[in-house]
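Protein chains in written order, with numbering that gives the first Met the number 0: chain A, 0 to 374; chain B, 0 to 140.
To be clear, the hints were calculated from the coordinates, so they are not data collected in a lab. Fair warning: this is a prediction, and the values are worked out from it, not measured in the lab. A portion of the hints provided could be inaccurate.
Claimed, not checked - Here are the simulated DSS-like pairs of lysine-lysine, each with C-alpha atoms no more than 30 Å apart in a straight line: (1) B:K44 with B:K82; (2) A:K228 with B:K83; (3) B:K66 with B:K83; (4) A:K228 with A:K351; (5) A:K197 with B:K105; (6) A:K197 with B:K83.
Claimed, not checked - Some chain B residues near chain A, calculated using beta-carbon distances under 8 Å: (7) L11; (8) E14; (9) L37; (10) N80; (11) E96; (12) K97; (13) P98; (14) T100; (15) N102; (16) G103; (17) N106; (18) A125; (19) S126; (20) L129.
Built from N, CA and C at the ideal position, the CB exists for glycine as well.
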Amino acid sequence: MQEQDRNRTDARDAGDRLVAGHVREDPFAAAFKATRMPMIVTDPKQQDNPIIFCNEAFRRLTGYSDDEVVGRNCRLLQGPKTDPATIAAIRSAINAGQDIAVDILNYRKDGSIFWNAVFISPVRDDAGSIIYFFASQLDFTNVKSREADLAAARHEAEAEVAKHTANLRAALDARSLLVHEVDHRVKNNLLTMASIVKLQARVTRDEGRKQTLMAVLNRIEALSTVQRKLFTLDDVSKFDMSDFTRELVTDLVSATGRDDIRLSLDLAPLLVPAVKATPLSLIVNELVGDAVRRGLNDGGGDIHVVVRRLNGDFLIRIEDISEPVEQDSESAELGSMLLKALAQQLGAKIEKKLEGRKTVVDVVLLVGEEQENSH
Amino acid sequence: MRVLIVEDEMLLAMELESEVEMAGHEVTGLAMSSSQALEQIANEKPDFAFVDIHLMDGPTGIDVGRKLAEADVPYVFVSGNIKKIPEDFAGALGAIEKPYTMNGMKNALAYVSAVVMGDKDGLPPASLVLATEAAAEPGFA
Chain A
0 MQEQDRNRTD ARDAGDRLVA GHVREDPFAA AFKATRMPMI VTDPKQQDNP
50 IIFCNEAFRR LTGYSDDEVV GRNCRLLQGP KTDPATIAAI RSAINAGQDI
100 AVDILNYRKD GSIFWNAVFI SPVRDDAGSI IYFFASQLDF TNVKSREADL
150 AAARHEAEAE VAKHTANLRA ALDARSLLVH EVDHRVKNNL LTMASIVKLQ
200 ARVTRDEGRK QTLMAVLNRI EALSTVQRKL FTLDDVSKFD MSDFTRELVT
250 DLVSATGRDD IRLSLDLAPL LVPAVKATPL SLIVNELVGD AVRRGLNDGG
300 GDIHVVVRRL NGDFLIRIED ISEPVEQDSE SAELGSMLLK ALAQQLGAKI
350 EKKLEGRKTV VDVVLLVGEE QENSH
Chain B
0 MRVLIVEDEM LLAMELESEV EMAGHEVTGL AMSSSQALEQ IANEKPDFAF
50 VDIHLMDGPT GIDVGRKLAE ADVPYVFVSG NIKKIPEDFA GALGAIEKPY
100 TMNGMKNALA YVSAVVMGDK DGLPPASLVL ATEAAAEPGF A
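My request is simple: use the sequences and hints to build the entire structure.
Okay, here's the thing in structure tokens:
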């Protein structure tokens with residue numbers, strides 16, 4: 000205790016000597032005392048580098064009186080929440096005799112905290128050895144708290160965004176799952192419908208009724224093939240008419256088991272909007288079915304199928320060379336009803352030409368750019 | 000050939016059974032779950048099998064397929080989602096995508112029965128995706 004008192008007296012004396020070194024009217028000393036910027040001077044030659052002088056602004060900032068500050072090390076401003084790394088940075092700058100400017104959390108006499116932008120600089124004599132350290136303080140607690148508010152607001156916003164993103168992702172996952180589930184059910188139901196019709200056809204003894212059931216089955220299966228090929232392209236809003244036609248025709252012809260029905264294909268990729276897939280596919284199914292039926296005559300036949308663009312429009316041509324046959328009136332009636340309705344729905348033109356044994360049917364779908372891209 | 004049908008939808012299984020029999024083959028059994036399938040494979044090894052991926056006990060058709068491959072039984076998957084088939088096709092010859100058509104199934108059956116009999120020169124029908132084709136297609140998983 001006694002030693003501390005002595006140290007304090009030494010510090011006081013050093014401060015007095017510092018001020019006495021200047022004449023009373025020294026404008027620099029006057030400015031130091033009167034400035035609104037808190038400032039202190041410490042004496043590194045004394046043990047523990049005590050404060051030997053502080054100005055009025057410093058006393059106002061910290062709440063300490065002159066007596067309570069002089070003779071003490073600056074660490075009296077530190078407290079439990081002061082960052083040890085900052086303290087270490089200050090200490091090493093002082094030990095190295097270098098300037099340092101850091102932001103540090105300090106404590107007032109009453110225990111309240113403030114953010115201090117402190118600048119510490121060594122003062123050297125003519126010989127270059129350090130005789131004092133000078134430190135200025137700047138309370139920027141308000142700036143700091145605004146920064147903290149901004150950071151908090153930003154974190155809150157980010158958390159909110161993350162929450163919404165998670166919700167959206169969950170909703171999207173649920174939707175994808177639902178779409179897959181629905182697609183799966185549609186496929187299964189189509190196959191179940193086909194199975195029921197086939198079962199009925201199997202137990203039906205009447206040949207006419209059996210044919211009717213098979214005619215129904217044929218259209219259900221055309222729909223099945225469309226459903227299987229929907230959503231398989233990268234662009235799920237499109238449907239490849241060529242791909243559908245190839246499978247429909249080759250499956251139909253090879254299932255006849257007749258090698259005297261010769262098939263040739265001229266198919267270019269033709270993407271149609273998915274909404275047009277069903278009616279257009281049903282049209283192709285009718286026309287191909289007719290051609291194969293004619294080919295099933297004793298003489299067999301040649302079938303040529305073209306799918307491509309024609310001056311920007313879509314062309315599907317089904318050509319066959321075979322003995323024309325009389326179709327039974329009921330199935331002819333159903334076929335023509337389907338073709339008429341579907342062509343009307345699509346705004347497509349269906350043109351049929353007969354040249355001897357050759358039958359040519361053209362389906363032309365007029366497509367403007369905007370129509371092609373519409374759904 | 001003697002054919003095992005692994006399919007949990009009974010109507011579809013019965014219809015497929017009729018198709019197989021009409022094509023002149025014999026059906027050794029219908030299995031609706033993986034345990035039924037494995038039991039039947041152990042009891043009477045078929046010459047060929049149709050395997051749905053989704054069975055009564057979940058997506059266990061893949062496991063059934065691997066067991067068939069281990070037992071050297073050729074088979075094809077029959078599924079509504081052939082994208083779920085692993086890249087190595089679990090040893091399957093290929094896959095028939097549901098909803099298949101009567102013609103599509105008939106052609107696929109004719110092709111695989113020729114392959115099982117040792118004739119590998121035939122052209123596969125459009126309704127059958129071969130494992131080798133699928134592997135060659137980029138992006139197929």
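We went through each hint and held it up to the structure:
1. B:K44 with B:K82: Between K44 of chain B and K82 of chain B the Cα gap is close to 28 Å, so the pair holds against 30 Å.
2. A:K228 with B:K83: holds, 16 Å
3. B:K66 with B:K83: Judged against 30 Å, a Cα distance of about 18 Å means the pair holds.
4. A:K228 with A:K351: holds, 28 Å
5. A:K197 with B:K105: Holds - the C-alpha atoms of K105 of chain B and K197 of chain A are around 14 Å apart, at most 30 Å.
6. A:K197 with B:K83: Holds - the C-alpha atoms of K83 of chain B and K197 of chain A are around 29 Å apart, at most 30 Å.
7. L11: This hint holds: L11 of chain B lies near chain A, its Cβ roughly 6 Å from the closest one there, short of 8 Å.
8. E14: holds, 4 Å
9. L37: Violated: closest Cβ of chain A sits about 24 Å from L37 of chain B, beyond 8 Å.
10. N80: With a minimum Cβ separation of about 7 Å from chain A (threshold 8 Å), the hint on N80 of chain B holds.
11. E96: This hint holds: E96 of chain B lies near chain A, its Cβ roughly 6 Å from the closest one there, short of 8 Å.
12. K97: Since the shortest Cβ distance to chain A is 5 Å, the answer is holds.
13. P98: holds, 4 Å
14. T100: This hint holds: T100 of chain B lies near chain A, its Cβ roughly 4 Å from the closest one there, short of 8 Å.
15. N102: holds, 4 Å
16. G103: Holds. Min distance 5 Å.
17. N106: holds, 5 Å
18. A125: holds, 4 Å
19. S126: The hint holds - S126 of chain B has a Cβ within 8 Å of chain A, the shortest such distance being about 6 Å.
20. L129: violated, 15 Å
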